[in-house]
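Note that the protein sequences, when read in sequence, are chains A and B.
Take 1 as the starting number for the first sequence in the numbering used here and just add one per residue.
Take 1 as the starting number for the second sequence in the numbering used here and just add one per residue.
Where hints are given, some of them may not hold.
[Claimed, not checked] No more than 30 Å apart at the CA atoms, straight line, and that leaves these computed lysine-lysine pairs for DSSO-like:
hint : chain 1 : residue 1 : chain 2 : residue 2
1    : B       : Lys-21    : A       : Lys-113
2    : B       : Lys-113   : A       : Lys-21
3    : A       : Lys-21    : B       : Lys-21
4    : B       : Lys-113   : B       : Lys-21
5    : A       : Lys-113   : A       : Lys-21
Calculated from the structure, these hints are not laboratory results.
Keep in mind the model is a prediction, meaning the values are calculated, not measured.
Protein chains: 2
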Amino acid sequence: MSEVMRRLVALLRRLPGVGEKTAHRLSIFLLTSPPEYGRELARALQEAVERVRPCAVCGNLSESTPCELCADPRRDRSLLCVVERVPDLMAIEASHEFGGLYHVLHGVLDPLKGVGPAELNIEPLFSRLSGEVREVILALSASVEGETTALYLRQRLQDRGVRVSRIASGIPVGGELEYVDRGTIGRALSGRREM
Amino acid sequence: MSEVMRRLVALLRRLPGVGEKTAHRLSIFLLTSPPEYGRELARALQEAVERVRPCAVCGNLSESTPCELCADPRRDRSLLCVVERVPDLMAIEASHEFGGLYHVLHGVLDPLKGVGPAELNIEPLFSRLSGEVREVILALSASVEGETTALYLRQRLQDRGVRVSRIASGIPVGGELEYVDRGTIGRALSGRREM
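Chain A with its partners taken away, still in its complex shape:
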């Protein structure tokens, strides 16, 4: 295998869920497809990397800061919904059950893996709490790490006198928010309880 192919395989291996075999298959698919496809994908990736960044306000991926959601005057600025990752935000948006703003942590607290508050988008959350914000909704996964993160955030948010709630029933224990159906997400949002 040539050096340039080996490098491609090594970089593909760093993608989530892609092992040695899959990286080989992907690179061979890319190199035996019409070259326009590989060129187009490389160009789209480069362009996305240069233009799409986490919003400096909420952490959502966008071509602008503040992002489209943060800049939308129709959103309810008294409600902040905290999610782990961008796909969670997309899943909640797709449920059409929430009209407030978001805050993306880009992960959960996981001390065993060395993920503390400093590794997440947490401090910028506290600096958003001045004035308008009335309630912070924690829409985190029902996993051990999600629970840990929720408890940590509740403590720190209540110290600042803000109301904290957590999305309710419907999320299967141990399940990942991203994979829950829209209806369940809607019920979980409307059934949230104060912490």
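Fit chain B to the known structure of chain A by using the hints.
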């Protein structure tokens, strides 16, 4: 989601085994990782697409035509091993049981999916049969399509007076050659039988 992200997701979806959800996850991983990673991957892909091509002689992926294997004077030019795809060639090379040359079909005959001889790298195989080639070894998967392809090739190769064999025992029925262990591939090569 911005237009540039939507395009990236659409292109990622065309990769084998990547659906809507996975394409989203991959693109979000790429755009929340340090931008150097995405840049490097885009550059490696672009470079590979421009420099790595199927060898005009055997169909193996290489930066040169003829490829390193076709150009290697130590390889036995009287033996041609026919494989479906490049990973199969790699798997056989890793078994260190074969010192001849290869021919990559880039697929198997599959009439139901509209894949006939013209869609595969088959005609160039026949133009390689002049003089030196003594035996063609069919190292195809033990699937229905692999069998169909083997029977078709046997007919056409025997018409040209060349000896045709097929790799033997060890390949589990319905199994994909790429995933067979090296020892089994070695046994299958040495135990091949004339068709």
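Tested hints:
{"no.": "1", "hint": "Lys-21(B) - Lys-113(A)", "result": "holds (25 Å)"}
{"no.": "2", "hint": "Lys-113(B) - Lys-21(A)", "result": "holds (25 Å)"}
{"no.": "3", "hint": "Lys-21(A) - Lys-21(B)", "result": "holds (21 Å)"}
{"no.": "4", "hint": "Lys-113(B) - Lys-21(B)", "result": "holds (26 Å)"}
{"no.": "5", "hint": "Lys-113(A) - Lys-21(A)", "result": "holds (26 Å)"}
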